[in-house]
Amino acid sequence: MYTDGTLQGINSNWYQAGFDNALEIQIKDKKIKILNEVYFIATKLEAFTDRAYKNNDYWDCKDLEDIINVINGRPELLVEIMNSPKDVVQFISGYFKKLIEDPKWLEAIKAIARLERSRNIILSAIEKISAL
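Counting with the numbering used here, you get residues 17 to 148 for the letters of the sequence shown.
Treat the hints loosely; a few may be bogus.
Said to hold, decoys possible - Quick list of in silico lysine to aspartate or glutamate cross-link-like pairs, DMTMM-like style, CA-CA up to 25 Å:
hint, residue 1, residue 2
1, Lys114, Asp66
2, Lys70, Glu92
3, Lys78, Asp45
4, Lys113, Glu53
5, Lys144, Glu81
6, Lys126, Glu92
7, Lys114, Glu132
8, Lys114, Glu81
9, Lys44, Asp76
10, Lys114, Asp103
11, Lys120, Asp73
12, Lys102, Glu143
13, Lys126, Asp76
14, Lys120, Glu81
15, Lys126, Asp103
16, Lys120, Asp79
17, Lys47, Asp66
18, Lys70, Asp82
19, Lys114, Glu143
20, Lys46, Asp66
21, Lys113, Glu132
22, Lys114, Glu53
23, Lys47, Asp36
24, Lys78, Glu123
25, Lys126, Glu53
26, Lys114, Asp79
27, Lys144, Asp45
28, Lys70, Glu123
29, Lys126, Asp45
30, Lys120, Asp82
31, Lys113, Asp76
32, Lys114, Glu96
33, Lys49, Glu81
34, Lys78, Glu143
No lab work stands behind these hints, which were simulated from the structure alone.
Use the sequences and the hints to build the structure in full.
And the structure:
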């Protein structure tokens, strides 16, 4: 992954910080770095802005689906965000505060997370994260 998003045609303020805080995974004889969950969410929120929010197309956005899947599948995410550097916490929290007030965002969550139990988990987590 490039840390300079301009090489990919995508600009994210979180690529470098994500790389600096990446998890190192051993696969056979190779070590690879992957974004940790907090920086993954931050980069996906920025991508969501570029791809969906500006174009008013929430329903056909892979970034939103990725965000929802991480929130739904990672109950420890709130604690992980809380234990992250202040700048990324403020970014994610502030972004979710803004999106909670957007009816299209809530409709898109309902469309992607079809099970009511999943929707409740996701919305509860987003509310808690937005309060950080």
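Now for the hints, and whether the structure bears them out:
1. Lys114 with Asp66: With a Cα-Cα distance of about 16 Å, the restraint between Lys114 and Asp66 holds, given a limit of 25 Å.
2. Lys70 with Glu92: Violated. Lys70 to Glu92 sits at ~30 Å, over the 25 Å cutoff.
3. Lys78 with Asp45: 32 Å, violated
4. Lys113 with Glu53: 19 Å, holds
5. Lys144 with Glu81: Roughly 19 Å separates the two Cα atoms, so the pair holds.
6. Lys126 with Glu92: 22 Å, holds
7. Lys114 with Glu132: Given that 25 Å is the threshold and the Cα spacing comes to 23 Å, the pair holds.
8. Lys114 with Glu81: Within the cut-off at roughly 18 Å; holds.
9. Lys44 with Asp76: 36 Å, violated
10. Lys114 with Asp103: Roughly 17 Å between the alpha carbons, so the hint for Lys114 and Asp103 holds.
11. Lys120 with Asp73: 9 Å, holds
12. Lys102 with Glu143: This hinted pair holds, its Cα atoms lying about 18 Å apart.
13. Lys126 with Asp76: 13 Å, holds
14. Lys120 with Glu81: 14 Å, holds
15. Lys126 with Asp103: Status violated; Cα separation ~29 Å.
16. Lys120 with Asp79: Holds, at roughly 15 Å.
17. Lys47 with Asp66: 31 Å, violated
18. Lys70 with Asp82: The given pair, whose Cα atoms are some 18 Å apart, holds under the 25 Å limit.
19. Lys114 with Glu143: 11 Å, holds
20. Lys46 with Asp66: Outside the cut-off at roughly 33 Å; violated.
21. Lys113 with Glu132: 22 Å, holds
22. Lys114 with Glu53: Cα-Cα ~21 Å, so holds.
23. Lys47 with Asp36: With Cα atoms ~15 Å apart, Lys47 and Asp36 stay inside 25 Å; holds.
24. Lys78 with Glu123: 15 Å, holds
25. Lys126 with Glu53: Within the cut-off at roughly 22 Å; holds.
26. Lys114 with Asp79: Holds - the C-alpha atoms of Asp79 and Lys114 are around 17 Å apart, at most 25 Å.
27. Lys144 with Asp45: Not satisfied, since the Cα-Cα distance of roughly 40 Å exceeds 25 Å.
28. Lys70 with Glu123: 17 Å, holds
29. Lys126 with Asp45: 42 Å, violated
30. Lys120 with Asp82: 17 Å, holds
31. Lys113 with Asp76: OK: Lys113 and Asp76 at ~22 Å, within 25 Å.
32. Lys114 with Glu96: Holds, because 21 Å separates the two Cα atoms, which is no more than 25 Å.
33. Lys49 with Glu81: Holds, at about 23 Å.
34. Lys78 with Glu143: 22 Å, holds
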